[in-house]
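Protein chains: 2
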Amino acid sequence: MRVILICKYDGSNYHGFQIQPNKITIQEVIEKSLRKLHNKSVRIHMSGRTDAGVHAYIQPIHFDTELILDNNSWVRAVNAYLPKDVVILGAITLNENFHVRYDSISKTYIYKLYIGKYVDPFNVRYVGHFPFKFDYERALECVPYFLGEHDFSSFCSKNNNIENKIRTITNFTINKENEYVTFEISGDGFLYNMVRIIVGTILDVASGKINKEYIETIFEKKDRKYAGKRVSPSGLYLKSVYYNNAEVNQLINNCLKL
Amino acid sequence: MRVILICKYDGSNYHGFQIQPNKITIQEVIEKSLRKLHNKSVRIHMSGRTDAGVHAYIQPIHFDTELILDNNSWVRAVNAYLPKDVVILGAITLNENFHVRYDSISKTYIYKLYIGKYVDPFNVRYVGHFPFKFDYERALECVPYFLGEHDFSSFCSKNNNIENKIRTITNFTINKENEYVTFEISGDGFLYNMVRIIVGTILDVASGKINKEYIETIFEKKDRKYAGKRVSPSGLYLKSVYYNNAEVNQLINNCLKL
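Here the protein sequences line up with chains A and B, keeping their order. The letter at position 249 of the first sequence is residue 249 when you use the numbering used here, and the numbering goes up by one with no holes. The letter at position 225 of the second sequence is residue 225 when you use the numbering used here, and the numbering goes up by one with no holes.
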């Protein structure tokens with residue numbers, strides 16, 4: 001059987017999701033919990049990697065098992081061996097055709113930015129910081145340049161061996177409340193560091209360093225060096241993932257309410 | 001001149017306020033910043049110690065200096081050399097009669113408790129956790145036992161060499177919103193671990209382990225071992241400190257709004 005778990009985590013203390021030698025990752029602590037339950041190694045798959053310091057409200061993972069537990073028992077059992085900053089919110093058992101990475105049809109990321117002078121000490125791990133000129137209207141005017149299908153070669157970090165860099169952005173909003181700005185961006189998939197580079201490029205427009213029209217040039221160049229800086233991971237959250245599977249989507253919606 | 005600074009900090013990454021060998025403390029990072037500004041050591045005084053993992057919305061400190069800066073410049077200058085999880089919110093310059101510890105007339109602490117099954121991963125550092133039976137009415141009924149003047153010998157940790165253990169609690173409220181319970185307690189002063197032991201004792205009543213009347217017995221015994229467990233530091237916040245000094249109180253009120 002294939003078990004799908006929905007995780008939520010504070011990424012502050014982790015070197016990202018994917019297992020790495022000598023560094024603590026989300027994947028490692030989840031696999032450690034599953035090893036205790038199974039008395040053997042269990043490999044998990046994730047809907048997508050998150051980098052060091054990046055958070056997730058919803059991160060679906062899956063693994064194959066011969067253990068038979070009901071959904072609530074999976075949640076309780078895996079949580080029992082997890083550190084408190086990684087939590088399993090829900091579980092569902094499906095057949096082995098479903099894959100949390102290959103079957104995702106839409107992902108949403110949030111980027112939380114603080115534009116005031118001093119970040120609240122309690123928010124340091126949870127927002128990016130931009131204590132410079134930020135023209136909200138100019139930021140909003142960038143959105144149409146990113147919506148729709150584009151080749152995002154200029155908006156991904158170089159250590160990316162994916163050949164096809166065409167992605168479709170289906171939704172993109174920027175909200176501002178006092179000194180907090182929230183970017184919410186949905187699409188069929190995201191390249192490595194893509195959200196953080198898009199936000200960084202918009203900050204170049206919002207601060208007056210470049211004009212919005214230059215975003216077209218950046219796309220045309222298909223070269224990372226033309227886009228803006230990659231903003232800090234602390235403000236980035238994987239917010240949700242959706243699939244061609246009503247049961248999994250329903251589970252994710254329930255978990256978002258927790 | 002004596003400079004009073006109002007600090008706010010996330011205590012998660014610190015071994016408390018007071019300097020200790022080989023451990024990073026709030027006092028150390030503030031004194032390091034002041035050393036850079038003065039090119040010599042500067043000793044600070046705090047309104048009261050906070051333990052490892054304990055937070056502060058308002059923690060007044062003071063130090064003596066020959067440097068002449070206006071209040072805003074003190075804020076900017078000290079923040080420039082501080083880590084992001086410790087922030088100076090305000091400053092005022094007074095004469096050397098004022099002392100942040102000896103002149104305080106009232107302090108308020110908050111304890112944030114989560115009583116649901118799994119703590120939200122983003123709250124792990126910021127709440128205590130009590131995933132057991134919690135009868136809110138029973139907790140409320142404890143409050144009158146603590147209000148007023150008492151000998152709090154049973155409600156402080158033993159490594160406390162203060163002789164006079166009589167303190168007056170002037171305000172004590174317990175609010176519950178869904179699965180979050182907030183204890184707010186004000187008094188003329190607090191002994192070592194006093195708030196955490198009071199909350200732990202109230203949890204014994206709320207969970208049905210003891211009856212509220214037993215709190216009287218605990219007071220009478222004047223012995224730490226009769227009171228409840230000390231709850232985790234992660235939920236504890238020094239919320240405010242007040243003085244017989246209108247200027248300082250005004251500054252603190254302004255800082256609370258930031």
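I should point out that these hints are in silico values taken from the structure, not numbers from a laboratory. If you're wondering where the values come from, they're calculated on a predicted model, not measured in any experiment. All C-beta atoms, glycine included, are put in the ideal place defined by N, C-alpha and C. Some hints here could point you the wrong way.
As the list claims (entries may be wrong) - 27 angstroms max Cα-Cα, derived DSS-like pairs, lysine-lysine:
| id | chain 1 | residue 1 | chain 2 | residue 2 |
| --- | --- | --- | --- | --- |
| 1 | B | 239 | B | 221 |
| 2 | A | 23 | B | 84 |
| 3 | A | 229 | B | 84 |
| 4 | A | 84 | B | 257 |
| 5 | A | 117 | B | 257 |
| 6 | A | 209 | B | 209 |
As the list claims (entries may be wrong) - Stretch by stretch, here's where chain A covers chain B in the computed footprint (C-beta under 8 angstroms, at least three residues):
| id | stretch |
| --- | --- |
| 7 | 2-12 |
| 8 | 79-91 |
Residue 117/A paired with residue 257/B [C-alpha distance capped at 27 angstroms]
holds (15 angstroms)
Given the hinted pair residue 229/A and residue 84/B, is their alpha-carbon gap at most 27 angstroms?
holds (21 angstroms)
Does the structure keep residue 84/A and residue 257/B at a Cα separation of 27 angstroms or less?
Answer violated: residue 84/A to residue 257/B is near 31 angstroms, above 27 angstroms.
Do the alpha carbons of residue 209/A and residue 209/B lie within 27 angstroms of each other, as the hint requires?
Violated, at roughly 64 angstroms.
Would you mind confirming whether the straight-line C-alpha gap from residue 23/A to residue 84/B stays at or under 27 angstroms?
Roughly 24 angstroms between the alpha carbons, so the hint for residue 23/A and residue 84/B holds.
Could you grab the alpha-carbon distance between residue 239/B and residue 221/B and see if it respects the 27 angstroms cut-off?
violated (30 angstroms)
Examine the stretch 79-91 of chain B: at least three residues should have C-beta closer than 8 angstroms to a C-beta of chain A.
holds (count 5)
Examine the stretch 2-12 of chain B for residues whose CB is less than 8 angstroms from any CB of chain A, and state whether their number is three or more.
Answer holds; 3 residues pass the 8 angstroms Cβ test.
This entry does not satisfy hints 1, 4 and 6, going by the numbered hints stated previously.
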